[in-house]
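There are 2 protein chains.
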Amino acid sequence: VSLAWMGGELRCQCIHTHSKFIPPKNIQDVKLTQSGPHCKNVEVIATLKDGREVCLEPTAPWVKMIIKAILDKAQGNAP
Amino acid sequence: VSLAWMGGELRCQCIHTHSKFIPPKNIQDVKLTQSGPHCKNVEVIATLKDGREVCLEPTAPWVKMIIKAILDKAQGNAP
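Taken in order, these protein sequences are the chains called A and B.
Residue 79 in my numbering sits at position 79 of the first sequence, and the numbers go up by one each step.
Residue 85 in my numbering sits at position 6 of the second sequence, and the numbers go up by one each step.
No lab work stands behind these hints: they were computed from the structure.
These numbers come from a predicted model, not from an experiment.
No incorrect hints appear here.
A few chain A positions that, by computed beta-carbon distances, are all more than 10 Å from chain B: (1) His18; (2) Ser19; (3) Phe21.
Only pairs whose alpha carbons sit at most 20 Å apart, straight line, appear in this in silico EDC-like list of lysine to aspartate or glutamate: (4) Lys104/B <-> Glu132/B; (5) Lys68/A <-> Glu136/B; (6) Lys110/B <-> Asp50/A; (7) Lys73/A <-> Glu136/B; (8) Lys31/A <-> Glu136/B; (9) Lys143/B <-> Asp72/A; (10) Lys143/B <-> Glu57/A; (11) Lys143/B <-> Glu132/B; (12) Lys110/B <-> Asp129/B; (13) Lys152/B <-> Glu57/A; (14) Lys20/A <-> Glu53/A; (15) Lys31/A <-> Glu132/B; (16) Lys110/B <-> Glu132/B; (17) Lys64/A <-> Glu136/B; (18) Lys110/B <-> Asp72/A; (19) Lys147/B <-> Glu136/B; (20) Lys68/A <-> Asp151/B; (21) Lys25/A <-> Asp50/A; (22) Lys119/B <-> Asp72/A; (23) Lys110/B <-> Glu53/A; (24) Lys110/B <-> Glu57/A; (25) Lys68/A <-> Glu57/A; (26) Lys20/A <-> Glu57/A.
Here are the computed distance ranges between Cβ atoms for each label pair: (27) Lys20/A <-> Asp129/B: 30 to 40 Å; (28) Pro116/B <-> Ile22/A: 13 to 23 Å; (29) Gly36/A <-> Lys119/B: 32 to 42 Å.
Every residue gets a Cβ at the ideal spot worked out from N, C-alpha and C, and that includes glycine.
Starting from the given sequences, assemble the full structure and let the hints guide the process.
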């Protein structure tokens, strides 16, 4: 974890977004970055289980569905 | 970005979760990590604009609300 990472990146991270559906089972984590002075776009970056990082389109229904699925899984584990 | 990070961490990252509401404007990004062999819990880690990282409770309604707010902001920026 570098200082640059801790303080947030200095520019947009995504040049283009992956448009094809990625099954949730292939996804390790999803990072949502707010827009701000560093970048005017909300950015969604998924880290896949094979280590690749891909940018996803935050407005795509399947992307929202994956985020909801991860949160719903947490609900299932709650006491 | 270290190799360990790329391949996913090897254990749970969150020991306890922050229970108090954090205003979305103080949040830089939110990372949702799926449960898996490394950790049985879904983990939600927010990076604040001051660089601090805090674990959030994935089942808390305000946490879901913040995630939805970030995605809705993307919707507003879409063409």
